[in-house]
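Undergrad: Okay, here's what each chain looks like letter by letter:
There are 2 protein chains.
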Amino acid sequence: MDALKKGWFSELHNLWPGQSMSLEVEEVLHAEKTQFQDILIFQSKTYGRVLALDGVIQCTDRDECSYQEMMAHLPLCSHPNPSKVLVVGGGDGGVVREVAKHSCVEEIHLCEIDQRVVELSKQYLPQLSCGFSDSRVAVHYQDGAEFMTQHPSQFDVIITDSSDPIGPAECLFEQPYYEKMKKALRPGGVLCAQGECIWLDLELIQRVAQHSRAMFPVVRFAFSSVPTYPCGTIGYLLASTNEATVFESPVRVLSESQVELMNLNFYNSDIHRASFALPQFVKKVLQPTS
Amino acid sequence: MDALKKGWFSELHNLWPGQSMSLEVEEVLHAEKTQFQDILIFQSKTYGRVLALDGVIQCTDRDECSYQEMMAHLPLCSHPNPSKVLVVGGGDGGVVREVAKHSCVEEIHLCEIDQRVVELSKQYLPQLSCGFSDSRVAVHYQDGAEFMTQHPSQFDVIITDSSDPIGPAECLFEQPYYEKMKKALRPGGVLCAQGECIWLDLELIQRVAQHSRAMFPVVRFAFSSVPTYPCGTIGYLLASTNEATVFESPVRVLSESQVELMNLNFYNSDIHRASFALPQFVKKVLQPTS
Chain Z
1 MDALKKGWFS
11 ELHNLWPGQS
21 MSLEVEEVLH
31 AEKTQFQDIL
41 IFQSKTYGRV
51 LALDGVIQCT
61 DRDECSYQEM
71 MAHLPLCSHP
81 NPSKVLVVGG
91 GDGGVVREVA
101 KHSCVEEIHL
111 CEIDQRVVEL
121 SKQYLPQLSC
131 GFSDSRVAVH
141 YQDGAEFMTQ
151 HPSQFDVIIT
161 DSSDPIGPAE
171 CLFEQPYYEK
181 MKKALRPGGV
191 LCAQGECIWL
201 DLELIQRVAQ
211 HSRAMFPVVR
221 FAFSSVPTYP
231 CGTIGYLLAS
241 TNEATVFESP
251 VRVLSESQVE
261 LMNLNFYNSD
271 IHRASFALPQ
281 FVKKVLQPTS
Chain S
1 MDALKKGWFS
11 ELHNLWPGQS
21 MSLEVEEVLH
31 AEKTQFQDIL
41 IFQSKTYGRV
51 LALDGVIQCT
61 DRDECSYQEM
71 MAHLPLCSHP
81 NPSKVLVVGG
91 GDGGVVREVA
101 KHSCVEEIHL
111 CEIDQRVVEL
121 SKQYLPQLSC
131 GFSDSRVAVH
141 YQDGAEFMTQ
151 HPSQFDVIIT
161 DSSDPIGPAE
171 CLFEQPYYEK
181 MKKALRPGGV
191 LCAQGECIWL
201 DLELIQRVAQ
211 HSRAMFPVVR
221 FAFSSVPTYP
231 CGTIGYLLAS
241 TNEATVFESP
251 VRVLSESQVE
261 LMNLNFYNSD
271 IHRASFALPQ
281 FVKKVLQPTS
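Chains as they are written, first to last, in full-length UniProt numbering: chain Z, 1 to 290; chain S, 1 to 290.
So here's chain Z without its partners, still in its complex pose (with noise of 0.2 Å):
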């Protein structure tokens, strides 16, 4: 807190050196040392209520929809019929929300390694832990890559909603992490992932891309704006171990009148395809050859 200026939050990390974000603070709600990181959570001037993990932020209810809508979305329309899904990480609620408007959907297991994010995001942040009270979610308090080798060929969609590839989360960027999504999921079955920045992190956004295109047929990225993360953008990285999935061409269409049910603020069908148009310097690195 108050890297840069008294009663803001500024963001500082070495992995986006020479730039910052900062949000004005009304007023701070909580900050705890967890077991695996710090947590912070504020009332922000002009962004709602934001939360922030080892001085990260990872939402803020003013930007959230962006980021929780397409990581649940684009896996889900991509599916002809989810029924049993896996987000792991997401301990605020947000995809686990997105993911329940499916009314296909079966059960959704969410496994989230810190137990405090969870309780937090319930005691501080509803407009994203409204999403935990539907009644097909399970919570698992476990390593999501343990919690796969248990729950093997079980899910038509699994969501890994991470923080940056540095603490805890940094396994999940990984090959043998990749492996397991690909075994606990069912024939068919299809996975997105954080996906970084293209501005800031296309080495990484390659090398995951690698890995992931030596064991799955299909293999896309696609990006999406969010004003509160860095350079105001984050990538999804999306794998079917069906090789006749098109990603960039939606199995289920929303309509515009279940786009307004579902009460959809970012993701539509268009915006679903558009999302995979990627600029000429990240197609260059990413071009797919599957």
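Some hints here could point you the wrong way.
It does not matter which identical chain is used: a pair holds within one copy or between any two.
[Unchecked claim] The calculated BS3-like cross-link candidates involving lysine-lysine, where the alpha carbons are at most 30 Å apart (straight line), are:
#, residue 1, residue 2
1, 6, 45
2, 283, 101
3, 6, 182
4, 6, 283
5, 180, 6
6, 284, 6
7, 45, 84
8, 183, 6
9, 45, 122
10, 101, 284
11, 45, 180
12, 183, 45
13, 284, 45
14, 6, 101
15, 183, 33
16, 45, 283
17, 122, 84
18, 182, 33
19, 33, 84
Simulated from the structure, these hints should not be mistaken for lab results. Note that the structure is a prediction, hence the values are computed from the model and not measured.
Starting from the known structure of chain Z, arrange chain S on it as the hints suggest.
TA: Frame of chain Z, contents of chain S only:
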């Protein structure tokens, strides 16, 4: 300078209260108050050279490709044969640099109100100002609206590369200015204007879109990722005098080898199409009626 921390440039502005983007400064190269605005040029730690006008970042070497390429190629690839192009503002030269990549273009007029922006860009921002060396470019130090009144029915494409609607650029978002653009366009002419930010300026965008729709048969809004603009994204308002124009589907599609030859870092025809897909909260407000 140093609003938040010594050695950092922080963008604090009442157009985006409660948030601030900061860049670490290596060296201030030039600071000057002209008749029109404060000009600041600095060498940043990780974004190359940076131009700021009245304390607001206009472009950085690292991410200028997105804005300059989209501003130029969205309208130029939406016109079947653009020959005469006017750029209003854009004194840094970046948009002119991109326009000059189209061999069908015979004349490029730049109308910049502040001569010092052009002069300082030539001195300190070679990556952008290299556009001025093209023999088809004529620079006019004049008010853009006045210039257009003197040149009726002359241009195939008019690009308004303005700063924010406060200070010298305020009038460039108003209806009278759009009427002048309409009169300065040839039949079938197309315009593209800096369209502000979907997360911050939706009311303004809606107002500009509305008065544009009263004048032009086709009006569309696009946006792209630019890390150093507020919220990391910037919009583009496009309008055509030709009711057959379909902005979402460029009439001049660039092949992979053309993209290579034109040395494009951001724009390609997929990005062109995708940039018109709007998040649901934007679509609700801007849903085109034309």
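Undergrad: Decide, hint by hint, whether the structure agrees.
TA: How the hints compare with the structure:
1. For a Cα distance limit of 30 Å, the shortest separation of residue 6 from residue 45 qualifies both inside one copy, at 14 Å, and across copies, at 24 Å.
2. In this assembly of identical chains, the alpha carbons of residue 283 and residue 101 lie at most 30 Å apart only when taken from different copies (21 Å versus 32 Å within one copy).
3. In this assembly of identical chains, residue 6 and residue 182 lie within 30 Å of each other by CA distance neither inside one copy nor across copies; the values are 47 Å within and 49 Å between.
4. When the C-alpha separation of residue 6 and residue 283 is checked against a cutoff of 30 Å, the pair qualifies neither within a copy, at 41 Å, nor between copies, at 38 Å.
5. In the homo-oligomer, the alpha carbons of residue 180 and residue 6 never lie at most 30 Å apart, since the shortest distance is 45 Å inside one protomer and 47 Å across protomers.
6. For a Cα distance limit of 30 Å, the shortest separation of residue 284 from residue 6 qualifies neither inside one copy, at 42 Å, nor across copies, at 38 Å.
7. Taking the shortest alpha-carbon separations for residue 45 and residue 84, neither the intra-copy value of 39 Å nor the inter-copy value of 47 Å comes in at or below 30 Å.
8. Taking the shortest alpha-carbon separations for residue 183 and residue 6, neither the intra-copy value of 49 Å nor the inter-copy value of 51 Å comes in at or below 30 Å.
9. Within a single copy, residue 45 and residue 122 get their C-alpha atoms as close as 21 Å, which meets the 30 Å cut-off; across copies the closest is 40 Å, which misses it.
10. Proximity of residue 101 to residue 284 under the C-alpha cut-off of 30 Å is restricted to the inter-copy arrangement: shortest distance 20 Å between copies versus 36 Å within a copy.
11. Proximity of residue 45 to residue 180 under the C-alpha cut-off of 30 Å is found in neither arrangement, the shortest distances being 42 Å within a copy and 40 Å between copies.
12. In this assembly of identical chains, the alpha carbons of residue 183 and residue 45 never lie at most 30 Å apart, being 45 Å within a copy and 44 Å across copies at closest.
13. For the homomeric pair residue 284 and residue 45, the shortest alpha-carbon distance between copies (26 Å) is at most 30 Å, but the shortest distance inside one copy (40 Å) is not.
14. Taking CA atoms no more than 30 Å apart as the test, residue 6 paired with residue 101 passes in neither setting, with 40 Å inside one copy and 47 Å between copies.
15. Neither within a single protomer nor between protomers do residue 183 and residue 33 lie at most 30 Å apart by alpha-carbon distance, with minima of 34 Å and 63 Å respectively.
16. With identical chains, the CA atoms of residue 45 and residue 283 are at most 30 Å apart between copies only, with a shortest distance of 26 Å across copies and 38 Å within one.
17. For the homomeric pair residue 122 and residue 84, the shortest alpha-carbon distance inside one copy (23 Å) is at most 30 Å, but the shortest distance between copies (59 Å) is not.
18. Taking the shortest Cα distances, residue 182 and residue 33 never come within 30 Å of each other, neither inside one copy (33 Å) nor across copies (60 Å).
19. Proximity of residue 33 to residue 84 under the C-alpha cut-off of 30 Å is found in neither arrangement, the shortest distances being 33 Å within a copy and 62 Å between copies.
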